[in-house]
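Taken in sequence, the protein lines are chains A and B. Going letter by letter, the first sequence gives residues 14 to 128 in the numbering used here. Going letter by letter, the second sequence gives residues 339 to 851 in the numbering used here.
Hints were generated in silico from the structure; no laboratory data involved. Be a bit skeptical, because a hint or two may be false.
With beta-carbon atoms standing in for the labels, derived distance ranges [what the hints assert, rightly or not]:
(1) A/89 / B/797: 50 to 60 Å
(2) B/480 / A/76: 35 to 45 Å
(3) A/28 / B/438: 53 to 63 Å
(4) A/44 / B/646: 40 to 50 Å
(5) A/75 / B/438: 38 to 48 Å
(6) B/401 / A/75: 53 to 63 Å
(7) B/452 / A/43: 52 to 62 Å
(8) B/646 / A/91: 25 to 35 Å
(9) A/91 / B/776: 30 to 40 Å
(10) A/28 / B/480: 52 to 62 Å
In this text, all values refer to a predicted model and were calculated from it rather than measured experimentally. Beta carbons: idealized from backbone N, C-alpha and C, even for Gly.
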Amino acid sequence: MSMRSIVLGAAPRSENARERVRKKLVSLFHDLQRAREVGAVYLQSPPGQRAPPLVLAETVLAETGAAAGIEAIRRYVVARIRRELEEVQVVSLDGWIVSPTEARLCALVAADGTP
Amino acid sequence: MFIDLRAVPDGIDITGDICVVGAGAAGITLARELDGSRFACVLLESGGMEFDSQTQELYAGENIGRPFFDLTTCRLRYFGGTTNHWSGWCMPLDSIDFQTREGLPYRGWPFERSALEPWYRRAQDICQVGPFDYAPGNWGMVQSKLPTPLRGPHFIPRIAQLSPPTRFGSAYEPALKSSPNVTVYLQANACRFETNESGAKVQSLSVRTLSGREFKVNAKVFVLAAGGIENARLLLASGRTDGQGVGDGRDLIGRFFMTHICCWAGWLAVMDPPTEFYFDPGYFRTYQGGSAPRSFVPYIGLSEETLRQRRLPNIKLLWKYEVLGDTAREGTLTDLPSIVDEVEGRRQYVDSKVFRREGVPVMGTKLFLNLEPAPNPDSRIRLSRERDAIGMRKVALDWNVAAEDKRNGAAVLQLFGAEVARTGFGRLRSFLEDGDDATWPADMYGDQHHMGTTRMHRDPSLGVVNADCRVHGVTNLYVAGSSVFPTAGAANPTLTITALALRLADHLKEELR
Numbered sequence: 014m015s016m017r018s019i020v021l022g023a024a025p026r027s028e029n030a031r032e033r034v035r036k037k038l039v040s041l042f043h044d045l046q047r048a049r050e051v052g053a054v055y056l057q058s059p060p061g062q063r064a065p066p067l068v069l070a071e072t073v074l075a076e077t078g079a080a081a082g083i084e085a086i087r088r089y090v091v092a093r094i095r096r097e098l099e100e101v102q103v104v105s106l107d108g109w110i111v112s113p114t115e116a117r118l119c120a121l122v123a124a125d126g127t128p
Numbered sequence: 339m340f341i342d343l344r345a346v347p348d349g350i351d352i353t354g355d356i357c358v359v360g361a362g363a364a365g366i367t368l369a370r371e372l373d374g375s376r377f378a379c380v381l382l383e384s385g386g387m388e389f390d391s392q393t394q395e396l397y398a399g400e401n402i403g404r405p406f407f408d409l410t411t412c413r414l415r416y417f418g419g420t421t422n423h424w425s426g427w428c429m430p431l432d433s434i435d436f437q438t439r440e441g442l443p444y445r446g447w448p449f450e451r452s453a454l455e456p457w458y459r460r461a462q463d464i465c466q467v468g469p470f471d472y473a474p475g476n477w478g479m480v481q482s483k484l485p486t487p488l489r490g491p492h493f494i495p496r497i498a499q500l501s502p503p504t505r506f507g508s509a510y511e512p513a514l515k516s517s518p519n520v521t522v523y524l525q526a527n528a529c530r531f532e533t534n535e536s537g538a539k540v541q542s543l544s545v546r547t548l549s550g551r552e553f554k555v556n557a558k559v560f561v562l563a564a565g566g567i568e569n570a571r572l573l574l575a576s577g578r579t580d581g582q583g584v585g586d587g588r589d590l591i592g593r594f595f596m597t598h599i600c601c602w603a604g605w606l607a608v609m610d611p612p613t614e615f616y617f618d619p620g621y622f623r624t625y626q627g628g629s630a631p632r633s634f635v636p637y638i639g640l641s642e643e644t645l646r647q648r649r650l651p652n653i654k655l656l657w658k659y660e661v662l663g664d665t666a667r668e669g670t671l672t673d674l675p676s677i678v679d680e681v682e683g684r685r686q687y688v689d690s691k692v693f694r695r696e697g698v699p700v701m702g703t704k705l706f707l708n709l710e711p712a713p714n715p716d717s718r719i720r721l722s723r724e725r726d727a728i729g730m731r732k733v734a735l736d737w738n739v740a741a742e743d744k745r746n747g748a749a750v751l752q753l754f755g756a757e758v759a760r761t762g763f764g765r766l767r768s769f770l771e772d773g774d775d776a777t778w779p780a781d782m783y784g785d786q787h788h789m790g791t792t793r794m795h796r797d798p799s800l801g802v803v804n805a806d807c808r809v810h811g812v813t814n815l816y817v818a819g820s821s822v823f824p825t826a827g828a829a830n831p832t833l834t835i836t837a838l839a840l841r842l843a844d845h846l847k848e849e850l851r
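Sequences are here, hints too, so could you generate the full structure?
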């Protein structure tokens, strides 16, 4: 097998894993409409003040692994949010003070999976 | 003894050892302290014993900077001065307020708070409040009863003691009336200090009545105690050249005008029920744990460590609970608190509170910020071209806030927002969203604490008065009151004004001995 086919073959697997994590992250919400509204505000922030929505899925995938279940992902996200708040890493969404992870989580829902 | 100057024949000079200009908190405290001493004290009051609109109109001036109170409404010009409408909040400045601050220019006093504490303790009695004790725990505010964001490390509970409030005029009139050595002259408007050729010594003070009489006051020592704005006005009006006042070789008099910056700064969606300490500006409590009930009001402050580490100004935060049905929750993200709680599995609680209306019927709180202003040389008192009824140039107030004020306010709210979220108490929507944007909420205002216009500093290039409150370069002219504050802190100023006046009285007694 050539190197080219390995790389081409790896990409879909990674995307699939990322998509699975994205779905798990979105499933943390009971009411997607609310999250979508918050995420839409984040996505309207100036480019320098926001990250692409899928960055969070990539990060969670790298930190928890592709096999992580929904509860493991919830624990990771909650811990990450708490750490950001402790360190006063916050962003402002229409004045509301939230952690970047909270904002990106909602942005994932708002972006509906589109990178 | 009290004398209405309008009844005194023209041409008579008034003579004393110490002449105090202004009978408000500072002037009356000084006179009380000098009562019974061997010094003849002359206390001059512009007004009479009651409010009089013609005298009050002498306060009229222009606001040429940011919008500010009408200058005839934010202070009072009769015996007792502005204590006649004082709300009575008493608290000392914090230790950190007296210190120079890294990254925060122009801050610091020429002495530590500990140096002022003996007079703070005595000021408590004069302001008719309890012992010099501001530790929240000693007022029943124990950790377990506090809302979670106030259990540290950043935000902490604070208390202000509540004076009845003391109306210095009516409270101390009897003592001054019977004083053997203090003479109070009513209707006596100080107009101009006359100095010797070099300007190093005040020789006399010109005084006029609204009825047109003119007098001269001769004294060994003069103390200007006319208020945070009028102190600068009279010094500027006494200068030999336009814009330069007595003792003002460096264009400092009138600069650094400070007032606490106030606004409703945010809305807090509350997830936890309120505790028994409401932190509401109108919510006064009585502590029953001591020998006698004592009135106080709780408020929220920043810990000294956080002030220092994050280079923040001092604050007073208060909040006002709003019940279900109010319409304070506005904007596109009104459901944000429940969204983030879902992530942490708290949806059920939110549902029970918001939709089934269980538990305490509180939706949230409006957050009130009272922010220490940055000392700003461009915020200043000038003299207007217009003259008042006794021929004095009126005041032109050019109140400015610095860019760092907005940045600091936004940073405080970001920190508070992070803390209420971290502790699960709720979610904050800040009305000071962008620290780099110079705009403020429409309801932002400067309060009625006028400070800094004759600021205290050891270095004459940075202050009008020295650590003894004596005007630099003038041997016998002193200033009392909040105009000497080089740093405002977040404390209401009356207790500090009173403590400084007591300290000055002790200094003068020693100086004239």
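Looking back at the numbered hints, which does the structure fail to meet, lowest number first?
-> none
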